[in-house]
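Our numbering runs 504 ahead of the 1-based position in the sequence shown.
Treat the hints as calculated values from the structure; they're not laboratory data. All residues carry an ideal CB built from backbone N, CA and C; glycine is no exception. Take these hints with a grain of salt, some might be off.
As the list claims (entries may be wrong) - Label pairs and their computed distance ranges (CB to CB):
id, residue 1, residue 2, range
1, Ser656, Glu633, 38 to 46 Å
2, Ala698, Leu619, 16 to 24 Å
3, Glu543, Glu588, 34 to 42 Å
4, Leu681, Asp734, 15 to 23 Å
5, Thr679, Gln607, 25 to 33 Å
6, Thr675, Glu543, 30 to 38 Å
7, Thr679, Lys650, 36 to 44 Å
8, Ser623, Glu598, 17 to 25 Å
Said to hold, decoys possible - The list that follows gives simulated cross-link-like pairs (lysine to any residue, SDA-like), each with its CA atoms no further than 20 Å apart:
id, residue 1, residue 2
9, Lys631, Asp589
10, Lys650, Ser587
11, Lys686, Gln607
12, Lys668, Ala570
13, Lys631, Gln596
14, Lys668, Lys650
15, Lys650, Leu688
16, Lys650, Pro603
17, Lys668, Arg684
18, Lys631, Leu619
19, Lys631, Gln618
20, Lys631, Ser721
21, Lys668, Pro733
22, Lys631, Gln607
23, Lys650, Gln607
24, Lys650, Ala570
25, Lys650, Gly634
26, Lys631, Ala698
27, Lys686, Phe713
28, Lys686, Trp672
29, Lys686, Tyr671
30, Lys650, Pro582
31, Lys631, Arg725
32, Lys650, Gly709
33, Lys631, Gly660
34, Lys650, Lys686
35, Lys631, Ser689
36, Lys631, Met706
37, Lys686, Gly660
38, Lys631, Trp672
39, Lys686, Ser737
40, Lys668, Cys680
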Amino acid sequence: MQTTKQTFEEHEESRKHGTIKGRRQISGALLEEIGALLEEIEELHGKIARRKAQYKFDWRKELFQAVNVTLDAATAHPSLLLSEDRRQVTWQEEHQDLPSSTQRFHSYPCVLGQLHISSGRAYWEVKVEGALSWDLGICIDNVTRKGSITVSPQNGFWAIRLYKGEYWALTSPETCLTIREKPLSVGIFLDYDAGDVSYYNMTDGSHIFSFTQITFSRAIRPLFRLWSPDSGSLTICPWR
């Protein structure tokens, strides 16, 4: 038969365990609540960042002149097929029998825009939705068209790239980019006189990358590149 002392000790032990269990339950609930609050705070930070990006993006558009960009067939690699209106480029399997031209890209599947820019501020938009691998950007008007080409500022290219699901700024060395929301279209904002070209995600207004402090010594042209037959198409958005 249990003594009074034993009963008391068992009661105290049970009470202690109950208190610890209760504390654990409270701690668990608090941790869950804190976790939920942190998620809400992170979401709010994201919304604020997107609002700020959109504001900066809208402000930038007011300062830049939308320009009418079409593709220059004389520069197109034989694997690239241009639409009749010269606003879309697609890779095709068979090389086209095209007239020989010193302006044409032979080694890499690139095409330039007709537009030559040598002053002021200009911007244009390119639809990249569904395209899997591409380069977009600008280059000086006399870049190398034959032989081995490294797309980099040292060679007169200022561009960004999507390749194997990753986005890159084609600096030297290349810079891997963190993209919050996959762009359906990309805006290219060129300030020739300031030596600056910036890329924006036109889907959410966020900034992608900027090349700055460039000393342009020649006219600048829009650059487009597809990587392979399954790259998809790039389409220049209507001028407005």
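Status of the hints after comparison with the structure:
no., hint, verdict
1, Ser656 <-> Glu633: 38 to 46 Å, "violated, 27 Å"
2, Ala698 <-> Leu619: 16 to 24 Å, "holds, 18 Å"
3, Glu543 <-> Glu588: 34 to 42 Å, "violated, 50 Å"
4, Leu681 <-> Asp734: 15 to 23 Å, "holds, 22 Å"
5, Thr679 <-> Gln607: 25 to 33 Å, "holds, 30 Å"
6, Thr675 <-> Glu543: 30 to 38 Å, "holds, 34 Å"
7, Thr679 <-> Lys650: 36 to 44 Å, "violated, 27 Å"
8, Ser623 <-> Glu598: 17 to 25 Å, "violated, 41 Å"
9, Lys631 <-> Asp589, "holds, 15 Å"
10, Lys650 <-> Ser587, "violated, 24 Å"
11, Lys686 <-> Gln607, "violated, 33 Å"
12, Lys668 <-> Ala570, "violated, 31 Å"
13, Lys631 <-> Gln596, "holds, 19 Å"
14, Lys668 <-> Lys650, "violated, 25 Å"
15, Lys650 <-> Leu688, "violated, 31 Å"
16, Lys650 <-> Pro603, "holds, 15 Å"
17, Lys668 <-> Arg684, "holds, 17 Å"
18, Lys631 <-> Leu619, "holds, 18 Å"
19, Lys631 <-> Gln618, "holds, 18 Å"
20, Lys631 <-> Ser721, "violated, 29 Å"
21, Lys668 <-> Pro733, "holds, 14 Å"
22, Lys631 <-> Gln607, "violated, 25 Å"
23, Lys650 <-> Gln607, "holds, 10 Å"
24, Lys650 <-> Ala570, "violated, 31 Å"
25, Lys650 <-> Gly634, "violated, 29 Å"
26, Lys631 <-> Ala698, "violated, 26 Å"
27, Lys686 <-> Phe713, "holds, 14 Å"
28, Lys686 <-> Trp672, "holds, 13 Å"
29, Lys686 <-> Tyr671, "holds, 10 Å"
30, Lys650 <-> Pro582, "holds, 13 Å"
31, Lys631 <-> Arg725, "holds, 18 Å"
32, Lys650 <-> Gly709, "violated, 36 Å"
33, Lys631 <-> Gly660, "violated, 24 Å"
34, Lys650 <-> Lys686, "violated, 33 Å"
35, Lys631 <-> Ser689, "holds, 4 Å"
36, Lys631 <-> Met706, "holds, 9 Å"
37, Lys686 <-> Gly660, "violated, 27 Å"
38, Lys631 <-> Trp672, "holds, 17 Å"
39, Lys686 <-> Ser737, "holds, 16 Å"
40, Lys668 <-> Cys680, "holds, 12 Å"
Checked against the numbered hints listed earlier, the structure breaks hints 1, 3, 7, 8, 10, 11, 12, 14, 15, 20, 22, 24, 25, 26, 32, 33, 34, 37; every other hint is satisfied.
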